[in-house]
Amino acid sequence: METPAHVGFLRHHRYRYLKIGLILCALSLLLYAIHDPVDGPNGGTWLGYGLGSIGAGLILMLSWLGIRKRRYRGGLGQVKGWLSAHVYLGLALVIVGTLHTGFQFGWNVHTLAYVLMLVVITSGVYGIWAYAALPERITALRRGQTRDAMLAEMAELNRQSIAVAQALSSDIHRAIARSIGRVRIGGGVIAQLFGPAEPARQEFDDLNRTLNVRADTLMAGQRAESEAESTVMFIAGQIVKRAGRDEDEAAHIRQLLDILGRRKELVWRINQDIQLHGRMQIWLYLHVPLTLALLAALLTHVISVFLYW
Amino acid sequence: MVGAGDAAIENAIALSAANQVTIINRGAEFNRAKDANEADILKAIDTGKIRCYYNCSISEARLTPQGPRLAELALKTAEGTAVIPVDRVIARLGATPPRAFVESCGVQFPSKDPNSVPAVSGVYESNVPGLYIVGALAGFPLIKQAMNQGYEVIETIEGRKIEPADAPLLRAKFAALPGFKGDVDDALASIKDRMPLLASLTALQLREFLLDSNVRVPKKGEAIFKRNDYSDSFYSLLGGGAQIEIDPDDSTKRIAIKPGEFFGEMSLISGRRRTHTVIADEACVLVESPRRTTLKLINSVAAVRRIIDETFLLRAIETQLAKGVAPADLKMLAGSATVHSYDANQVLFKEGDPGDGLYLIRSGSVMVSHTVGGREVVLAYVPAGQYIGEMALISDTPRTATVKAAVRTEAIRLDGAVFAKVMERYPQLARRVRKIHRSRIASNVEQSVEPERSGVISFLMKQGLGEATDVLLIDESLCVRCDQCEKACASTHGNLSRLDREAGPTYDNLHVPTSCRHCEHPHCMKDCPPDAIRRSPGGEVYISDACIGCGNCQRNCPYGVIQMGVESKKEPSLWRWMMFGGDEPGHGDSHEKGIKKAAKCDMCKNISGGPACVRACPTGAALRVSPEKFLKVSHGRWES
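Quick mapping for you: the protein sequence lines, in order, are chains A and B.
Here the first sequence stands for residues 0 to 308, where the numbers follow numbering that gives the first Met the number 0.
Here the second sequence stands for residues 0 to 639, where the numbers follow numbering that gives the first Met the number 0.
It should be emphasised that the hints constitute simulated quantities derived from the structure, not laboratory data.
Hints should not be assumed to be uniformly reliable.
Among chain A residues calculated to face chain B with C-beta under 7 Å, some are [said to hold, decoys possible]:
hint : residue
1    : H5
2    : G7
3    : G43
4    : W45
5    : L46
6    : R69
7    : L82
8    : W128
9    : T138
10   : L140
11   : W282
12   : H286
Residues from chain A that keep clear of chain B, each with C-beta distances beyond 10 Å, as calculated [stated by the list, open to error]:
hint : residue
13   : L30
14   : T97
15   : Y130
16   : E135
17   : G143
18   : G187
19   : D245
Yeah, the Cβ is synthetic: ideal placement off N, Cα and C, and Gly gets one too.
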């Protein structure tokens with residue numbers, strides 16, 4: 000069989016670390032099942048100490064990824080291997096850590112360390128999903144453009160829309176200028192993750208409708224009916240009935256509609272792009288600080304255990 | 000600015016930053032200038048930065064004490080006269096020798112070629128006794144040459160015997176020659192005697208060629224270069240012997256090279272890896288000449304070009320195609336051969352054409368495609384050193400596929416009838432060609448079944464990868480946009496990343512970032528004044544410390560992968576950043592001040608473990624591939 004050109008981190012080395020993780024979990028569960036200490040399962044038995052030491056070792060090793068990946072000149076193993084181990088051994092840590100507690104929980108620093116560990120792992124699970132699911136969506140959305148290129152295209156569409164609107168009435172010009180000012184790109188954390196609020200949407204739809212009606216009216220060679228919407232009336236009321244000029248104006252309006260449509264789609268794509276990037280990175284803002292908190296809690300847990308033993 | 004050459008353009012563009020510049024061109028184009036300069040001046044004229052008068056000459060220049068400017072220039076243009084007020088006139092008329100004048104003095108030129116220079120003796124005396132020619136007029140464009148030569152001429156005229164300025168340098172080089180007694184002229188004469196290739200050089204051309212070359216005396220059994228090395232220097236065998244290993248699997252199969260012969264021309268011409276290992280024999284004495292020097296010689300001496308081309312042809316046919324064919328038959332094959340060059344996308348032959356020839360790709364690469372349901376499906380990519388078109392010769396049917404150049408390509412065409420005749424006489428040759436033919440049919444069928452591969456190959460070719468030797472690709476289905484690749488590059492290269500991950504085109508999740516592809520014939524190498532851009536034996540094209548920061552390579556690179564910047568000398572410390580903040584490794588800009596120099600990917604040739612960008616990728620999205628692997632990449636095996 001032909002070997003693949005490359006392999007992603009989840010399949011690294013034919014799932015080496017998945018296998019190691021599974022063996023570790025199976026062994027821990029097996030020993031936990033047959034081990035029957037007099038005062039019930041807890042962290043103080045030989046198995047408890049064993050699992051605790053393995054767990055603490057794993058936590059240190061998993062945290063070391065942050066160092067290893069910044070050692071760009073190289074170091075032990077490949078970064079991809081480290082990430083693969085990070086994922087699978089991190090998941091195995093749920094079993095090892097939980098069995099280490101012997102299901103004895105309380106309002107203390109020991110349980111705090113355990114809870115922090117679970118939160119860190121949970122955020123990591125989200126990370127695995129994000130890394131697996133989002134990259135292709137970004138590529139599809141980008142259509143080969145960089146974000147800068149998309150922003151430049153938007154600026155260009157804005158410029159074109161203003162130029163075309165200039166040939167139309169001053170009201171349309173004003174409406175276009177206002178709609179440019181109201182375009183929302185990115186924003187705060189919430190806006191980045193869930194898309195920005197769109198104050199301009201209603202207005203955009205209105206503008207669109209107005210322009211459409213106006214163009215139809217011009218092409219039909221009719222004055223707008225008096226029942227029509229007030230903005231439409233206003234614009235329609237200024238029609239000078241000269242066939243050639245009407246056609247010109249209609250063509251300009253069609254052009255404007257086309258530009259606005261393209262811009263709307265582009266703004267949507269840029270915001271989606273920001274959103275996807277945000278969703279791919281946001282979890283690290285939880286994962287990394289909580290890891291540091293976990294390390295501190297773990298240290299306290301270990302010291303207090305030995306101190307009050 | 001009067002003139003349309005490089006000097007005029009460079010001056011005009013530099014001045015236009017703070018001045019109103021008008022450039023006066025006697026002709027209608029700027030095609031005498033380097034490509035990059037031509038593009039720059041046309042852009043400056045287009046954008047209105049510089050005004051240009053074409054097809055005009057200056058009829059008068061006069062001071063205007065009362066005018067708005069110090070002076071004015073009257074121009075004769077196609078539309079009549081024009082007057083432009085000026086503060087300063089700079090004439091950059093160029094160094095084209097006034098040949099008519101020189102000839103009127105009785106000096107003879109060796110040929111009608113406008114680039115030819117008058118023949119002069121070793122002391123720069125022309126055919127007119129007492130008339131000496133030095134510097135650009137004699138074909139030596141550098142100031143230092145003209146100064147040294149001028150000094151030598153004066154001393155000669157004064158009757159003092161003077162040793163040329165390059166003699167000590169040549170003496171040092173010749174010290175390695177067995178039996179060298181210290182007389183440079185003797186050594187030069189003996190080299191010329193022993194090397195028929197160099198026989199047509201003038202004394203001065205030979206000196207110049209040898210000044211850039213080195214004498215090597217390898218021990219018996221030592222490998223001069225190995226198969227798959229990426230070296231590109233050219234070797235002339237002065238004495239002793241050398242052996243070419245023609246079969247990589249059997250080192251006893253060898254062809255002997257005799258004194259007076261040369262080798263290494265294959266990689267020089269194709270820009271590809273060495274195809275064979277060459278081993279030194281008893282008493283081997285070599286002259287090793289760098290690529291640039293050899294190319295210059297090939298381009299300036301027609302006889303050298305002819306000899307090298309002929310030898311290349313013969314050897315290429317023998318080693319790639321007709322191993323074990325008798326010399327007489329080889330000669331017959333070579334006699335039927337013609338060399339053709341093609342621009343990118345030019346067609347070598349079309350589907351349905353009569354199959355009457357076989358093509359050996361000499362440099363560049365080609366794409367094989369055929370039309371399925373009105374749509375072009377790319378079947379294969381064939382790099383330099385391989386041949387194409389054998390199918391029609393064997394099955395005696397019209398061409399089943401279209402072959403076109405992926406980049407600028409040179410191919411040797413062998414006549415089909417002659418080849419068929421030779422094949423009849425050598426059954427093992429026929430067997431070999433048939434075997435390759437069968438495997439190609441099989442892979443073509445497979446390829447037609449998987450049209451997505453075809454899309455990937457034509458995409459890669461469109462990105463100019465037909466001339467790449469090693470390229471960074473990113474599988475965007477795995478890329479989490481963490482920019483670790485860029486950070487790793489910056490961190491290991493003085494905070495100056497040579498890679499732009501986000502920029503560049505994408506097709507079906509396959510992304511070609513802006514990063515060096517280490518071209519076969521690197522565009523960046525074309526015009527480097529200090530010859531600072533080199534190719535290492537591993538194939539990496541890198542820029543040495545000799546860089547003077549002129550920016551020619553940046554302008555010449557069609558892929559925009561060279562940046563000008565100042566590398567920082569220190570790498571930020573990881574622990575200091577973690578504990579106290581400051582510059583994160585790979586994140587900060589280089590804060591260094593100084594002369595900006597060219598920076599490009601060197602494939603981390605000085606770092607053990609290979610390219611940092613690929614090694615730093617946490618998800619396995621980044622990979623480096625050579626053209627031979629493009630097919631594999633296109634296999635749809637983007638496993639994640």
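Structure-based check of each hint:
Look at A:H5: its Cβ gets to within about 5 Å of chain B, closer than 7 Å, so that hint holds up. About 4 Å separates the beta-carbon of A:G7 from the nearest beta-carbon of chain B, less than 7 Å, and the hint is met. Given hint, A:G43 at the interface with chain B, is violated; its Cβ is 34 Å from that chain's nearest Cβ, farther than 7 Å. The restraint placing A:W45 at the interface with chain B is violated, with a minimum CB-CB distance near 36 Å, outside the 7 Å limit.
Evaluation of the A:L46 hint against chain B yields a violated restraint, the C-beta minimum of about 34 Å exceeding 7 Å. Proximity of A:R69 to chain B holds as hinted, the smallest CB-CB distance being about 5 Å (cut-off 7 Å). Against a cut-off of 7 Å between C-beta atoms, the interface hint on A:L82 holds, since the closest Cβ of chain B lies about 4 Å away. For A:W128, the interface hint is violated, the least distance from its beta-carbon to any beta-carbon of chain B being 12 Å, above 7 Å.
Taking 7 Å as the C-beta contact cut-off toward chain B, the hint placing A:T138 at the interface holds, the least distance being around 4 Å. Look at A:L140: its Cβ only gets to about 11 Å from chain B, farther than 7 Å, so that hint breaks. For the restraint placing A:W282 at the interface with chain B, the shortest Cβ-Cβ distance is roughly 11 Å, beyond the 7 Å limit, so the hint is violated. Here the hint on A:H286 is broken, as its CB sits about 13 Å from the closest CB of chain B, past 7 Å.
Every CB of chain B lies more than 10 Å from the CB of A:L30, the least distance being 33 Å, so the non-interface label holds. In this structure A:T97 is separated from chain B by more than 10 Å, as the shortest Cβ-Cβ distance comes to about 27 Å. Distance check on A:Y130: its Cβ comes as close as 5 Å (rounded) to a Cβ of chain B, failing to clear the 10 Å threshold; non-interface status is violated. The non-interface label for A:E135 is inconsistent with chain B: the shortest C-beta to C-beta separation is roughly 5 Å, within 10 Å.
At the 10 Å boundary, the C-beta of A:G143 falls inside the reach of chain B, the nearest C-beta of that chain being 5 Å off. Every CB of chain B lies more than 10 Å from the CB of A:G187, the least distance being 21 Å, so the non-interface label holds. With a least CB separation of 38 Å from chain B, A:D245 remains clear of the 10 Å interface cut-off, as annotated.
The earlier numbered hints that this structure contradicts are 3, 4, 5, 8, 10, 11, 12, 15, 16, 17.
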